[in-house]
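Taken in sequence, the protein lines are chains A and B. So the number in the numbering used here is just where the residue sits in the first sequence, counting from 1, plus 41. So the number in the numbering used here is just where the residue sits in the second sequence, counting from 1, plus 4.
Derived from the structure by calculation, the hints contain no laboratory data. Worth double-checking, as some hints may not be accurate.
Claimed, not checked - Over 12 Å on every C-beta distance to chain A, these chain B residues come out as not near it, computed from the model:
no., residue
1, Ile86
2, His116
3, Asp153
4, Arg243
5, Arg311
Claimed, not checked - Here are some, though not all, of the chain B residues that point toward chain A, as calculated from beta-carbon distances under 10 Å:
no., residue
6, Ala75
7, Cys82
8, Arg90
9, Asp104
10, Leu106
11, Ala130
12, Thr132
Every value quoted in this text rests on a predicted model; they were computed, and no experiment measured them. For each residue, glycine too, the CB sits at the ideal point set by N, CA and C.
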Amino acid sequence: MSDRLDELERRIDELRAGVRRAMRARDGAAARVLRAELRTAEKAWDALVSGEQPAEKARGPRLVTVREQVHQALALLGVPAQARLVVAVSGAFLAGTIRSSQLTSLRRDEERSFRSSPYGRPYYLCAALTDRLSPARGYLTVSTWPVERRMVGPLSPRVDFLTCAVRIAEQPARTPEGDRLLARMARNIPGAGDEVPPDPGRVAEAARRELAVHAERDAADRAELARRAVTQLDDAARLFGAATLTTVPRSLMAMGDAR
Amino acid sequence: MNRLDALRGTTPPKPHDARAIAALAANPGCARRALMDGAGIDKGAVAHHLGFPAPFGQSPFAITRGNAFEALVKADGCAELIRMLRELLGLPIDEVAYHDVLNVGAHLRHAHTRTLIDRAARGEGAGTLYDHPLFALAIAGHTAYLEPDVVAFQLGGRFHIVEIKSFAVIDGQADPAAVAAAARQAAVYVLALRTLLEELGHDPLRVAHEVVLVCPENFANRPVATLVDVRRQLAVLRRQLARMTSLDRLLDALPEGVTFDLAPGEDGRPARPVAELADAVRTAEARYAPDCLSTCDLCFFCRDEARQEGASDLLGRAVRDELGGVASVREALALADGSRAPAEGQEEIARLLRGAERLRRECLA
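Build the full structure now, drawing on both the sequences and the hints.
Below you can see the structure in the form of structure tokens.
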């Protein structure tokens, strides 16, 4: 092992000198390459000295689309969720590679696809609906869920948060990211404890206890909203929300007057 | 109102936001600021034209940081906020209803806020947290729309304003200037919500004078909530707003025909001669204090003016108050070394200054 260390130290020294030379010659590209090699060598040296193997993250590019990854995360959670949570769950339990920025146009793309060929896909990622039947900001849902589940009443954000906590606590797989996520959620549930890593059983139980307080009122609110959505909205609006009234630019109004 | 419009000239009035209204309360004695705000003048543009552009505009990093922290506090149906309110105010477990006013179109937000607050005040329907409300407040005849990045929340029939700020509370201590600014800003929201309740025919005192201030704790991003009493800020603000509606006294002190008009040319650029504008601005008396540097767009202009006059204001409010009746630094020094006889009413301060001068000599000798 010390041979290997000596060799690495020699290599690091050489690389440092190389970087210095490249910098002096103002050769940025060469310096960058050498620096990268230097970092790898230093990491290997660190690993050898501390006797740890560097944890290789097996995260190559995945062949699953963003859409499918979001669907998997939502299927795991089972309730409307905000992009942030979807990304966290996908990364923690499904080896997902999505980033929040990739979700911004997702709902719009899905809506466009639905409108051009309705029900052409087995599922659509769609909106949760507010008490005005407009799309709720930031929430993602799946079209195959019952309509009630896709409604957002006044109590629903809390109910959905608690349900998510239960679902995450009941994941059989334990990952460091998953534990961190669960610990963060547990902090905001009374009686769930704030130890790290959290006790999934205790978190689930505490969440269920609070859920029991809200469940009835929330279910009634959602059923009422769902009834309205089914009777008042067409297919596309039921999935993606009724358009809210927006201000019309002055130029458009002038066009209307001319006509 | 006509004289105010004449002061502003041809430029359209600039709408006030909560920060600007809060800053009013920061320096109530400044006639220049009261007049300019009353007339809705864009002080930033005036300062720029005078050659003293203000150092603000929040840094984009600070804004990003603020937004990220706010998103964290409000994530998952305000989960963090609900925890803190349960700890701080004993919010019952079943009070979790959340309304996002932004769900309606932008132009309906104020009306929707009114409806929701009215319903809550009558005790109808579930309502605890109101996200993104939009309040209106009449400032000197203009309506200013205030957008608390905060949540007005109802508990046991009382409304609380929640203000989310991204400066850190380290070991139970936060930057006093930042807290004071946040309290002033929150006081504006309290006042606006009280006005709203009054208009709706409810008791305005149902809005608590204690606001909930949410900040990151120590060096982590974990939010922590504290109650801040804003009664003093409210009183100052109310007095200042009342004063703005009765600006006549200040207007009468101005010479006839003076205007702060920038006289923009055809390209929209201000075309008025700088010296002329500066003279016009100087006719309104300013009350410069070093704190102005963080709240007022005109601060550099007023500081320059105070420096030229050698005014004792430059040394801060505490010194100015101690030196009551002695307007300039030169005068104070003259009184101290005895080269100037104290005028009527200055005997006391002159004695103190001479004493201080003697002590200083003894120390240095």
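Against the structure, the hints:
1. The Cβ of Ile86(B) does not lie farther than 12 Å from every Cβ of chain A; its closest approach is about 7 Å, which violates its non-interface assignment.
2. With a least CB separation of 9 Å from chain A, His116(B) falls inside the 12 Å interface cut-off, contrary to its annotation.
3. No Cβ of chain A comes within 12 Å of the Cβ of Asp153(B); the nearest lies about 15 Å off, and the non-interface call holds.
4. Chain A leaves Arg243(B) outside its interface by the beta-carbon criterion, the shortest separation being 37 Å against a cut-off of 12 Å.
5. Arg311(B), annotated as away from the interface, keeps every beta carbon of chain A farther than 12 Å; the closest lies near 47 Å.
6. The interface hint given for Ala75(B) holds, since its Cβ lies 8 Å from the closest Cβ of chain A, which is under the 10 Å cut-off.
7. Hint status for Cys82(B) relative to chain A: holds, with the closest Cβ pair at about 7 Å, below 10 Å.
8. The beta carbon of Arg90(B) comes within 7 Å of a beta carbon in chain A, closer than 10 Å, and the hint placing it at the interface holds.
9. Using the Cβ-Cβ criterion of 10 Å, the hint placing Asp104(B) at the interface with chain A is satisfied: the shortest such distance is roughly 6 Å.
10. The interface hint given for Leu106(B) is met, as the beta carbon of that residue sits about 6 Å from the closest beta carbon of chain A, less than 10 Å.
11. Because the beta carbon of Ala130(B) sits about 5 Å from the nearest beta carbon in chain A, less than 10 Å, this interface hint is met.
12. For the restraint placing Thr132(B) at the interface with chain A, the shortest Cβ-Cβ distance is roughly 8 Å, inside the 10 Å limit, so the hint holds.
Hint compliance for this structure: hints 1 and 2 are not met, and every other hint is.
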